[in-house]
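Chains A and B are the protein sequences, given in the same order. When we follow the numbering used here, the leftmost residue of the first sequence carries the number 1, and every step to the right adds one. When we follow the numbering used here, the leftmost residue of the second sequence carries the number 344, and every step to the right adds one.
Derived from the structure by calculation, the hints contain no laboratory data. You may find that some hints are simply not true.
Said to hold, decoys possible - Within a straight-line C-alpha distance of at most 25 Å, the following computed SDA-like cross-link-like pairs (lysine to any residue) qualify: (1) B:K395 <-> A:K307; (2) B:K395 <-> A:R112; (3) A:K142 <-> B:T399; (4) A:K307 <-> B:T399.
Stated by the list, open to error - Just so you have them, the derived chain B footprint on chain A, three or more residues with Cβ under 8 Å: (5) 94-104; (6) 135-143.
To be verified - Partial selection, computed: residues in chain A whose CB lies under 8 Å from chain B: (7) A10; (8) N123; (9) I124; (10) T125; (11) L156; (12) A212; (13) Y214; (14) K284; (15) L286.
Backbone N, C-alpha and C fix where the C-beta goes; we use that ideal spot for every residue, glycine too.
Residues per chain are reported as follows:
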Amino acid sequence: MMRFDASLLARDAEGLFWMARYLERVENLARLIDVTQSFESPGFESGAWFGLIRINADEKNFADRGFSADATHVKRFYLLDRGNPTSIQSNLEDARTNARTLRPLMSTEMWRQINVFHRFVSNITPADLEGDALSRLCNRLKDGVQAHTGITEGTLYRDQGWYFYELGRLVERADQTTRMLDIKYTAMLPQGSEEKRVAELTQWNAVLRAAAGYHAFRRRVRASFTAEDVVHFLLRDPSSPRSVLLCVRRAESHLDDLRRIYGLSQADDALEVAEYLRELLVEKPLGHILATGLHDYLDVVQIHIQKLAAAIGRAFFRDWRPADPAFEGPEQSQSQTTTELSA
Amino acid sequence: MNELFRKSWPDYDPGRFFCELTARRSGAGPVPEWLIQRLAGIGLEALRTRAKGAETDLIDLGVTFTVYSDATAIDRILPFDCIPRVLTHSEWALLERACIQRVAALNAFLGDIYGAGHIVRDGVIPAELVYGNANYRPEMKDFPVPHGTYVHVCGIDIIRDEFGEFRVLEDNARTPSGVSYVIENRHLMLRTFPDLMAGIKLRPVDDYGRRLRAAMTEIAPGGDDDPQVVLLSPGIYNSAYFEHVFLAREMGVPLVQGSDLLVENERVFMRTIAGLRPVHTIYRRLNDDFLDPAVFRPESMLGVRGLIGAWKAGNVAIANAVGTGVADDKAVYAYMPRIIKYYLGEDALIKNVETHICREHEGLAFTLDNLDKLVTKPVGESGGYGITIGPRASKEELQTARASILADPANWISQPMIGLSVAPTLAEDGIGPRHLDLRPFIVTGRDSWVLPGGLTRVAMKRGSLIVNSSQGGGSKDTWVLADDFASAGEPA
């Protein structure tokens with residue numbers, strides 16, 4: 001007899017949510033590194049690479065680890081430094097630690113792939129960061145996460161757990177897209193001469209490639225596109241898998257499923273945040289937003305993405321955590337993050 | 344057979360030890376010959392390549408135990424030897440009955456010492472050994488458990504001496520581990536060496552999870568036939584975590600940690616995304632000490648406050664029961680033949696290793712007279728501490744041992760040196776004899792069931808008698824030949 005009420009441990013729901021987030025971060029970071037490398041302008045390498053640090057708000061962390069602002073150090077910081085909590089290694093370590101706790105809920109194929117991928121990442125050497133090796137490395141990192149995503153799509157049982165996995169991925173992806181847009185857009189203001197325009201075009205192309213949207217964008221938009229077109233595509237395109245709107249809509253739909261199919265009415269608060277966020281994304285004309293300041297607007301969007309994550313945490317993950325602050329466990333960084341976000 | 348065997352492996356020499364593959368025994372039929380022929384057919388190089396592939400497989404699948412040191416975690420596999428250990432149908436029949444007998448006696452003993460204590464009053468076992476035992480739990484006094492079962496999962500370590508006779512070395516009645524390797528080893532064998540197994544009918548090992556779940560259902564409070572069973576693990580930092588995952592999956596129950604559980608009004612709940620859900624049976628892989636900070640170690644973060652209270656209120660079942668450690672103690676082990684006789688009126692089907700109890704006058708005299716021939720062990724220690732191996736000890740070491748025994752005879756036992764049996768094992772210098780033991784697993788709810796075979800642990804180093812995984816031991820697939828094991832005949 002099937003048991004339909006098979007209840008999901010709050011801790012496991014949180015683990016699925018975070019495993020997906022950490023893996024999504026690995027893919028985004030690999031994408032960003034790859035385009036930074038491909039589109040760096042000779043003579044301005046350091047600036048381009050330091051942009052990565054700013055996207056991830058890692059300025060302090062980077063300096064604390066004793067690195068200086070040049071290309072080699074930025075690459076090492078993200079691709080080799082286990083001590084950096086935002087490095088590929090740390091993200092994958094965290095993803096695997098979660099996967100370990102989730103073993104009974106995952107397919108053998110998922111677990112095997114994460115293990116093998118983890119070993120690959122542990123074996124990255126400084127030589128892999130040099131010359132054309134770097135691009136190959138980034139491709140393998142993207143392949144690794146995409147293999148994970150594909151195996152998950154094909155093997156993860158779609159009960160409540162799957163929804164939390166998906167929510168984690170969508171929240172992270174929405175967040176990453178806004179960050180990328182914010183940094184690049186701010187870096188390119190103000191507009192100016194024709195020469196600058198061409199340079200900008202190159203930059204926008206890079207952003208679109210990083211968001212895996214270049215080809216679709218070219219199909220959708222006229223040849224002489226403007227910055228507004230790019231912003232629209234990344235924020236509001238209804239069909240681009242990495243647009244903020246698509247991520248938010250899907251998150252909203254998942255939360256609604258949790259409420260309807262599984263009777264989890266505590267999803268209501270998170271649903272409200274998601275609805276608000278969706279409105280925020282579509283309500284005002286983009287021209288108006290660009291005129292009054294995209295940065296401030298993206299700030300508001302980001303805050304609400306964080307509020308969404310916090311609302312999901314409060315509704316579903318909260319109760320399991322021991323009250324004792326001395327508790328030490330692998331979830332501590334996650335719990336802290338959730339606490340931070342909800343504060 | 345011997346001729347074939349000498350031809351295939353001219354350098355293989357088990358010496359005075361019993362060899363699990365090449366010793367003459369009835370009931371093995373053509374299986375040993377087949378194995379030798381097939382191994383020779385595959386050839387040493389190909390065997391090594393495949394064995395290496397099998398080990399990579401285990402690493403990829405995370406079939407590992409974790410060794411933690413400083414800030415680094417190292418995942419180790421239990422080295423797997425591809426040459427199986429074969430038990431005949433009749434050997435297994437004896438092992439199975441002996442294991443069930445032993446568990447019945449252990450449970451009867453525990454029921455008695457936590458109840459009326461007849462065995463102590465009848466003078467079969469000294470009171471001090473029971474009530475003064477560090478693992479005796481006064482909390483268990485006069486608390487009856489369903490079906491009288493305290494030891495729901497038992498692992499019994501069995502060796503074979505030079506004459507091919509089985510002997511019990513140790514009972515593990517607390518939270519024995521290793522069963523996941525029995526099943527994983529079989530799967531690995533099927534994937535990697537199907538040609539070695541072709542046409543040989545074996546007793547299957549896949550039923551363990553279902554049997555364990557059934558036993559956990561049988562002990563649930565209130566006779567609920569679909570209780571919420573959970574497996575309580577200390578978490579991912581425990582070295583046996585892989586096994587906890589494995590068993591939770593095989594049973595189809597949630598894998599929980601202490602922080603997932605909560606006791607309210609003497610009832611146990613787990614924290615789910617839909618709120619608190621009642622829990623009825625807990626298969627715990629946590630030592631007694633850590634179960635409930637309100638009763639045992641107050642600093643334990645791994646357990647659940649109030650758990651013991653809920654248990655004693657009859658609202659939850661815990662397996663294994665608290666306090667079973669008094670029964671698998673080294674000193675109590677020495678009394679097991681008498682314990683079996685006392686409760687069951689039978690002789691032990693498989694004998695203990697001959698044990699001299701130094702708290703008894705005769706045992707002490709014999710031990711002191713034969714120190715250079717015996718292995719002496721302190722009863723209160725585990726993990727091999729304080730052991731003196733007479734034949735390998737220096738004069739000074741023997742003097743020290745004598746002084747220690749005389750200072751506190753009750754703390755000592757002695758045993759003859761046993762020549763553990765060997766089996767052909769793939770080593771760096773070819774196929775050589777390596778010592779091994781066997782740990783069958785017995786699951787008991789209302790009745791006992793024994794997983795066919797068990798974990799064969801093998802010392803990978805030549806001459807070594809230490810099979811423990813923490814000290815470089817490995818494992819083998821353990822084949823129990825079915826009654827009609829080779830009816831399919833030799834495949835073409």
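Cross-check of the supplied hints:
no. : hint              : verdict
1   : B:K395 <-> A:K307 : violated (50 Å)
2   : B:K395 <-> A:R112 : holds (17 Å)
3   : A:K142 <-> B:T399 : holds (24 Å)
4   : A:K307 <-> B:T399 : violated (44 Å)
5   : 94-104            : holds (count 5)
6   : 135-143           : violated (count 0)
7   : A10               : holds (5 Å)
8   : N123              : violated (13 Å)
9   : I124              : violated (17 Å)
10  : T125              : violated (18 Å)
11  : L156              : violated (14 Å)
12  : A212              : violated (29 Å)
13  : Y214              : violated (35 Å)
14  : K284              : violated (35 Å)
15  : L286              : violated (38 Å)
In the structure shown, a violation is registered for the earlier hints numbered 1, 4, 6, 8, 9, 10, 11, 12, 13, 14 and 15, in ascending order.
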